[in-house]
Structure formats: C-alpha cells, structure tokens
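Given the sequences, and given the hints that come with them, work out the whole structure.
Positions in the sequence shown are counted from 1; adding 1 to them yields our numbering.
Hints in this document: simulated from the structure, not taken from any laboratory. Cβ atoms here follow ideal geometry from the backbone N, Cα and C, with glycine treated the same way. Hints may contain errors.
Unchecked claim - Taking lysine-lysine pairs in the BS3-like style, the calculated list, with each CA pair at most 25 Å apart, reads:
(1) Lys-87 <-> Lys-44
(2) Lys-65 <-> Lys-44
(3) Lys-87 <-> Lys-65
Said to hold, decoys possible - Pairwise CB distance ranges (calculated):
(4) Ser-117 <-> Ser-57: 16 to 24 Å
(5) Ser-85 <-> Pro-42: 17 to 25 Å
(6) Gly-16 <-> Gly-103: 33 to 41 Å
(7) Ser-26 <-> Ser-117: 14 to 22 Å
(8) Asp-55 <-> Ser-26: 19 to 27 Å
(9) Glu-89 <-> Gly-9: 29 to 37 Å
(10) Thr-31 <-> Gly-111: 21 to 29 Å
(11) Gly-74 <-> Lys-44: 26 to 34 Å
(12) Ala-15 <-> Thr-54: 29 to 37 Å
(13) Gln-14 <-> Leu-104: 39 to 47 Å
(14) Gly-74 <-> Ser-117: 29 to 37 Å
(15) Asp-55 <-> Ser-118: 37 to 45 Å
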Amino acid sequence: QVQLVESGGGLVQAGGSLRLPCAASRNIFTATLMGWYRRCPGKQRELVASISTDGSTNYVDSVKGRFAISRDGAMKTIYLQMNSLKPEDTAVYYCNMRWRLGLDDYWGQGTQVTVSS
Numbered sequence: 002q003v004q005l006v007e008s009g010g011g012l013v014q015a016g017g018s019l020r021l022p023c024a025a026s027r028n029i030f031t032a033t034l035m036g037w038y039r040r041c042p043g044k045q046r047e048l049v050a051s052i053s054t055d056g057s058t059n060y061v062d063s064v065k066g067r068f069a070i071s072r073d074g075a076m077k078t079i080y081l082q083m084n085s086l087k088p089e090d091t092a093v094y095y096c097n098m099r100w101r102l103g104l105d106d107y108w109g110q111g112t113q114v115t116v117s118s
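Following this line, the structure appears as structure tokens:
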C-alpha cells in the first residue's frame with residue numbers, strides 16, 4: 002500500500018501564495034501520472050494540474066499562469082505552487098499518483114485551502 006501525505010494547506014488572503022507538497026512512500030520516478038485535484042464547495046472534483054513520466058504538464062484553464070506542478074524524485078514528492086490565489090480557489094486539494102498505467106492508483110487524504118477576499 003502506497004501512502005501519500007499532503008501538507009501546506011491553510012488560510013490565505015486573495016493574491017497570496019501557498020505551496021502544497023505531497024510525499025509518497027514509493028519511488029515516483031516510475032509513476033505513470035501524478036496530479037492534484039480539488040473539490041470546491043458544492044462542485045465535483047476536478048483535475049487542477051498533472052505531470053507525466055516525461056515531465057510534461059497540464060493545467061485546468063482556470064489556474065494556467067498561476068499554478069505550477071513540479072516533482073522531486075529524490076524526495077519522492079510533488080508540489081503544487083499556487084500564486085495569485087483567488088477566493089474561487091477555495092477547496093480541498095487532493096494528491097493523486099498512478100503507477101503501472103493506472104493499475105495502481107492512490108490518493109492523499111486531502112488538504113484544505115481557503116482563500117479569503
């Protein structure tokens with residue numbers, strides 16, 4: 002069983018920044034896909050950002066230019082750097098990592114991010 006541990010959430014004012022780390026108990030060099038999802042109040046969970054084995058990244062349109070996903074293989078950790086935060090970014094953020102083309106699919110426990118106006 003792989004453990005994913007998120008941290009870094011909290012309360013921040015609009016325009017501020019946060020960085021969310023997600024540490025894995027498994028080697029992430031072999032991960033097929035890693036990403037951050039969020040569930041905003043009253044909405045379905047959505048994919049915010051992802052990074053694949055070759056390092057290519059994808060972002061939902063609403064965070065492009067403000068958020069950045071990165072990875073540190075030696076630390077078995079991925080990060081979500083969130084800048085210029087808006088109240089609509091308020092959500093529970095979840096880390097997800099997949100190995101073996103998705104056959105192994107793991108989620109973190111979630112971390113709350115609240116952006117005040």
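**Request:** Hint by hint, work out which the structure violates, then give me just those numbers in ascending order.
**Result:** Structure breaks hints 4, 7 and 9.
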